[in-house]
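Based on the provided sequences and hints, a complete structural model is requested.
Residue numbers (our numbering), protein chains in the order written: chain Z, 1 to 486; chain X, 1 to 486; chain H, 1 to 486; chain U, 1 to 486.
Rather than coming from a laboratory, the hints here were simulated on the basis of the structure.
The reader is advised that the hints may include incorrect statements.
Note that identical chains are pooled: a pair holds if it fits in a single copy or bridges any two copies.
[Unchecked claim] Here are the simulated PhoX-like pairs of lysine-lysine, each with C-alpha atoms no more than 20 Å apart in a straight line:
1. Lys-463 / Lys-327
2. Lys-418 / Lys-154
3. Lys-56 / Lys-131
4. Lys-62 / Lys-399
5. Lys-88 / Lys-352
Number of protein chains: 4
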Amino acid sequence: MSLKTKEEYLDSLRHMKKRVFIFGEEIEDYVDHPMIRPSINAIASTYELSHQPEHKELITAKSSLTGERINRFTHLFQSTDDLVKKVKMQRLLGQRTGTCFQRCVGMDGFNAVDIVTYKIDQDLGTEYNTKFRRFLENVQLEDLVVDGAMTDPKGDRRLSPSEQNELDLYLRIVDRNDDGITIRGAKLHQTGAINSHELMVMPTRALKESEQDFAVVCALPADANGIIFVFGRQASDSRRLEEGEIDVGNLQFGGHEAVVIFEDVFVPWERVFMCGECQYSGELVEIFAGYHRASYGGCKSGVGDVLIGASQAVARYQGTETAYHIKDKIVEMIHLNETIYAGGIATSYEGKETPSGTYMIDKLLANVCKLNVTRFPYEIARLAQDIAGGLLVTMPSEKDFANEEVGPLLRKYLAGVKTYPTEYRQRILRLIENITIGAGAVSYLAESMHGAGSPMAQRIMLKRLANLDQKEGLANRIAGIQKEMK
Amino acid sequence: MSLKTKEEYLDSLRHMKKRVFIFGEEIEDYVDHPMIRPSINAIASTYELSHQPEHKELITAKSSLTGERINRFTHLFQSTDDLVKKVKMQRLLGQRTGTCFQRCVGMDGFNAVDIVTYKIDQDLGTEYNTKFRRFLENVQLEDLVVDGAMTDPKGDRRLSPSEQNELDLYLRIVDRNDDGITIRGAKLHQTGAINSHELMVMPTRALKESEQDFAVVCALPADANGIIFVFGRQASDSRRLEEGEIDVGNLQFGGHEAVVIFEDVFVPWERVFMCGECQYSGELVEIFAGYHRASYGGCKSGVGDVLIGASQAVARYQGTETAYHIKDKIVEMIHLNETIYAGGIATSYEGKETPSGTYMIDKLLANVCKLNVTRFPYEIARLAQDIAGGLLVTMPSEKDFANEEVGPLLRKYLAGVKTYPTEYRQRILRLIENITIGAGAVSYLAESMHGAGSPMAQRIMLKRLANLDQKEGLANRIAGIQKEMK
Amino acid sequence: MSLKTKEEYLDSLRHMKKRVFIFGEEIEDYVDHPMIRPSINAIASTYELSHQPEHKELITAKSSLTGERINRFTHLFQSTDDLVKKVKMQRLLGQRTGTCFQRCVGMDGFNAVDIVTYKIDQDLGTEYNTKFRRFLENVQLEDLVVDGAMTDPKGDRRLSPSEQNELDLYLRIVDRNDDGITIRGAKLHQTGAINSHELMVMPTRALKESEQDFAVVCALPADANGIIFVFGRQASDSRRLEEGEIDVGNLQFGGHEAVVIFEDVFVPWERVFMCGECQYSGELVEIFAGYHRASYGGCKSGVGDVLIGASQAVARYQGTETAYHIKDKIVEMIHLNETIYAGGIATSYEGKETPSGTYMIDKLLANVCKLNVTRFPYEIARLAQDIAGGLLVTMPSEKDFANEEVGPLLRKYLAGVKTYPTEYRQRILRLIENITIGAGAVSYLAESMHGAGSPMAQRIMLKRLANLDQKEGLANRIAGIQKEMK
Amino acid sequence: MSLKTKEEYLDSLRHMKKRVFIFGEEIEDYVDHPMIRPSINAIASTYELSHQPEHKELITAKSSLTGERINRFTHLFQSTDDLVKKVKMQRLLGQRTGTCFQRCVGMDGFNAVDIVTYKIDQDLGTEYNTKFRRFLENVQLEDLVVDGAMTDPKGDRRLSPSEQNELDLYLRIVDRNDDGITIRGAKLHQTGAINSHELMVMPTRALKESEQDFAVVCALPADANGIIFVFGRQASDSRRLEEGEIDVGNLQFGGHEAVVIFEDVFVPWERVFMCGECQYSGELVEIFAGYHRASYGGCKSGVGDVLIGASQAVARYQGTETAYHIKDKIVEMIHLNETIYAGGIATSYEGKETPSGTYMIDKLLANVCKLNVTRFPYEIARLAQDIAGGLLVTMPSEKDFANEEVGPLLRKYLAGVKTYPTEYRQRILRLIENITIGAGAVSYLAESMHGAGSPMAQRIMLKRLANLDQKEGLANRIAGIQKEMK
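Right, dumping it as structure tokens:
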């Protein structure tokens, strides 16, 4: 059976022996570590929902490789309908977790690698796509989480990979032999790496002829020899280490990013899907980014739903939900959130088949979608803070509420509308805090800015894809500027 | 043959004897009147392109009523593909005309009337839909332009139709007899009414039980007895009366709006599609508005393309097109314009079949689309003015350029990059002026604001359609607020 | 007596024999020409108000040169109080005219020229300042309007003055002799040139050593031999030529810009205030721009007051003024408008004395002020159009209202709240049209964008003036980054 | 001597026995508690700088009560110069601390209470002002920190104080006797209360005749019997409890807010400055809010300077500081930041003397200033996050950098431009994190939103103060709408 349960997923992680560092110490039991567990829970949702009949259509798909029912996160998109369902699945999971659920980079990576390896094979007679699909078939069968590992450290941004003071600042092949290759380097900002079964390494940018060593795509078990994970900090992260359950804001779920270091890690040829074909590197990045920029139209509108709902709830608990300006701000949040979503699904509906059979989204609209994502969540969060009121950032800790002397006083003085317990207000404010200025803001805001490329990356693509010459022709024609004049 | 040529369209208008007033005078030959002709040309484009093979797929459709190839502007949408093609057709025509092409209100009206009359017939056993489809069949066969006449004057906005000082401020039935009904009132802001063959009257808002006389849908020939058109002014409109062809900005095309007055006009029962069923009035308006709000995602992004192209062109003629900040502004214009478009097509793709078989767009997204249209064209226009430079509003008239003494001096001093004649710069600046501060700004800006409902109308719908309760539930769940606590 | 009356001003113009072209024809009686007269009326207001006791303090000042009471528009600023009063005077005049009143460029130019010529004299031992002050003394005594003529055509923007294909694209000295100099070239976008008595020519940018011929400051009577004015077009400009008084929107006032061509014009040495000192050119432009950017904080907030008032009035006439969203939009307009004003007065209050005794505004804040002016009027105008409703751009001409048959019908159907005549609505909508999409939009919007330099010019200055190093030091210190580490 | 040193301030706090709760426990040594100390350090800066000659002019003033040199934070403003210097002092302290320095509420409160008590005394023959000035004289002499305690819990926002389910939700007088009064209630969001010597209680809103018990102004020692402080949580607050000094972002400084509970606290008559005069309550709030809204123009632009500097620094360390789009974003940050500042100083310069001799700021502009503060810091923070890159939220903890195995790897892989140690990048990113998504964001963002009143409070004032009638008159006049027509 291809669909793991939530429990099977947790078990499968427990069997992996990864090297994980947090707060300066290497830890053993990363699955039950309170700092990491919320991000494991978030991925676990992708398993849990796959077994719920009402979500089956969105969360699962029929594999194009095996014909089996598989988790959509391991699927190659076979139609625009698949692309649209992906975005709807992402919105659903955003709504359920209120955070980043971390399984999209792998999914978008599969599809990008499939298209590009197919093309390389066609052009150069290699067998990368065959090997990749064999790998993916197993991923589907075992229902694995695969971290798409793309972002290199980049060092001094003015310098290309080969110009860097330290060559390892872009992950590279340091050895090749009959059995495989050895890679060295690091990938930064790895969303959800520690809760993955596999890592799929990809290059981070277009490369020059002389930079072949950086042109590598390959897959590795996340506990392969030489791989080290260092857990990244988030705002208010250590609240997870405190007793209690309210101040953390989002009770069960969270995201994480890690620095993943590859200390001369060996990869057998069977798992190498690009090795030196630097001329395809730019295209791979562009296709991956295209998919992933559309993905944000789903997940972030899902989290947006949660934040809008929380804002509406806090207004209700405080007695302001009928004030005109509050309603108007809620409407503005809805508008911005749905604009993001419209971008995601428009991008998907306008997808087209590629030679490998895998469907590609519309690149221009994907960049439009993501560029809105770099702006609107910030404004939605600002409006949420406006509605929430100052208590959002001045409320005492839940331990104070539990104190015998001041607890009752706080409940008395922080009461809102009498039909709702003060604890409702407390909880919903902590959730808004989480998403707008806490650990959740890392994924809702900063990740919206930089994930799948910073805004400038989208702007460069928009310039390139917008067919300005045609537009200029339209204008000249209407203005009566003749071709022969030109 | 159902598809008229451009010439046949012009001829057919010449056979109609409408009463048209401009500048205080009634005119005879409205077809060749220089103030009106540009708007007739714009509609003529919808005929012209229907015969061009490369546009056949967008501009024509197979009639669901007759099976014939018809102009899409007379079509009942039979699929989401039809809805998407509508938006793409609108973008194409916006690109070709650089203005409003005025045939959409009728199209969106047909589909709204079809859905609602079908429902009335089902509910009440009437035969409105049958009559309507008979009417529409003829429209398709004759390839007619039908003005959808919805917006009543409304008088004092604080008062409902029946509370107004003057009851005629909402168009109403003043008499009923065996042959038909008599209506009195006016419709304002009628986009392109004078270049239409028919008017289809619809109510403008939800109505109360006591307001049955205002609940009327019917069709009339545009030259029916008692109908008077008064042409509306636009910025710089009288440039069309000047000699020359440059200062008008958009050489061939323009839009117009008219006040249409109905002085006790008789309508035979055969052409009456709603008569007193006030309970359906609100729904009709909402469905029409839904369609029409999505339409703006198409036409305005088409005009946006022209304005972006003009901005790029003027930068080229002036030697600034490689300056970073100019490129960045062009990118911003593209981004905003495509965000509008993404809204239009997402709305269409998410359409659903209604009981009449006609497809309805997604109402929530339609309102999102239109609300962006009330903002982004203004910002795009602002950026275009930024790029254009001050000459946009300080350039002497084309007659000055034609003057023997100052003409050569102006050509000398207003020259830009030497490879382009000064006239290019002159023409393209006049086009940007037209769209951002001239006659074209009426359709690109003010119509974007108020067409298909002013922004507040969209906001009210967003609040109603966004399912806030569900969002609140999502937030409460993540915050650990139990149902039983509530 | 130094303060002319309005009538004396008009008379004085009639005595000047300027060469003025409009619509391809040279005209004689430019003072009473209906296209030009509104801009003469606007300047005339600066005379009229100088005699009204309640405005004396703002509109007049005590001359630092003669001790006489003079019009503030001819004054050298002697204190921050003078600088602030300038901005307040500009707001007042914007409120009274609803447009650009065109006398500021000269005023700001005087002060800039005073500071820089003083410096040149100090540095180089020249007598420019002495000559300039002698000239200015006469301007004050005669209460003259002086057009500050700065903006050269610039041709291909990628090329410096000396690289242009045609050297005349920057105004330059083509001959020098014992009596004076001869200049050739043109100045574009000359706000209000035709209603001026004098032109004061200034260079338009920083110049290189090899570009001495372009470094010229001098004053000429506006009817000097060889000067030609070509009137610039504005949106809806020819409404001034129509009969009637409503459609023009702003009944009395308007602005104008002209192309001013200098065909080998002779200037005696007595009126030459810079001649070849190219090293001071950049500073002169910067100081002038500084003053003038602050000026926009006054005049545009004054026009903004008119537009806000018109929006409030139209809401009242239509019965929407108590709707929450209308009130909220009015508040937003007020907020943006006052933000502009705050910039203008802050800039002035923070002014400092210069060696010449003339006070200079704060340059950083002046650029901040102007950059807001390139944005907020556009948003204020958008909100005004939102409040106004669609009739803003669809209302028939006033001649239609005067027609016997349709006039009464229009008055019936375009009636709003019954206590106000339809004509109120008609007039106030035409005023909003004027300011947001008509002739007034030229000064309220496009001039706000480009006057005193386009937005990019402000941004360059902000970068230069913001003392980023100091800010970086502040951050490093708080972050614990030690100097010695660096 | 009236000016305490930093050390004297710390000592003086140690002598006070306040009841302070944090994390559910009452603590003794609140002065050296690592959670609280940063906010004490911030206030300590106001003492430290008062002794530095270069800051003496801004930080100190000559008392109007005693003629002594006092700290400006205890000063009654005697001129617009005083008002402007206040804002400049606030900017300076924002620059030095990078956070809220918490001494402004008291200062603005003094001035508001002075004006209003003077008025009450004049009107009613009371002696409140005399008592208040006697109190203030001692504050100046002892150089005390006084927390202005205004914001009541408010409970159900739809209900007025007397309608609340629980009357204590607005602080009130529960007993009066010959010696004084007894008050009960709470004040929320008390910025910096725990580091204060005194609390000055003020009402939070306009009150009705029947709500006299809520109309109380009085001063109490912060350790008076019955006062309890509960420390409020902030994002990432517990990083202060961790070892190390980098992850906290701002090494020395921070703000805090507390819930202050008054459990039947006695206040002698000598310290009661309003007792039941509810008719002055609204005015007191309005005057206080006016001062305090202007204050934000100073402090927040100071913190903005730090954030701009940090963004410039991180760009330098990463090698992006010369990229056009980075420079452009820095410029935008500067522009927004200076717009805030311009509002603050314009408000101050336009101040006017009141009957008590104390100067009041311009209320309209103060609301404009603050309304910009509710928007621009959010956009500045968004831009800072854009420039910072993803590492802002994915960087491992400083303990990881200290680990023997992964520390060197992190330093290798997170290196930027080679001339700067990785630790620079680490420190500056933590500072940006602090201000935009950590503890500093509480003061830079959420406090900017809600401090001195939420945005809606400013909007209400703008509507009231903007003189709309006059604006309407201006518009009508220009449109030719005669008074007699009206």
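Here's how the hints hold up against the structure:
1. With identical chains, the CA atoms of Lys-463 and Lys-327 are at most 20 Å apart between copies only, with a shortest distance of 8 Å across copies and 37 Å within one.
2. For the identical chains of this complex, Lys-418 and Lys-154 are inter-copy neighbours only, at 12 Å across copies versus 55 Å inside a copy, given an alpha-carbon limit of 20 Å.
3. Taking the closest pair of Cα atoms, Lys-56 and Lys-131 never come within 20 Å of each other, the shortest separation being 29 Å inside a single copy and 45 Å across copies.
4. For the homomeric pair Lys-62 and Lys-399, neither the shortest alpha-carbon distance inside one copy (49 Å) nor that between copies (46 Å) is at most 20 Å.
5. For the identical chains of this complex, Lys-88 and Lys-352 are neighbours both inside a copy (18 Å) and across copies (17 Å), given an alpha-carbon limit of 20 Å.
In this structure, the earlier hints numbered 3, 4 are contradicted, and the remaining ones agree with it.
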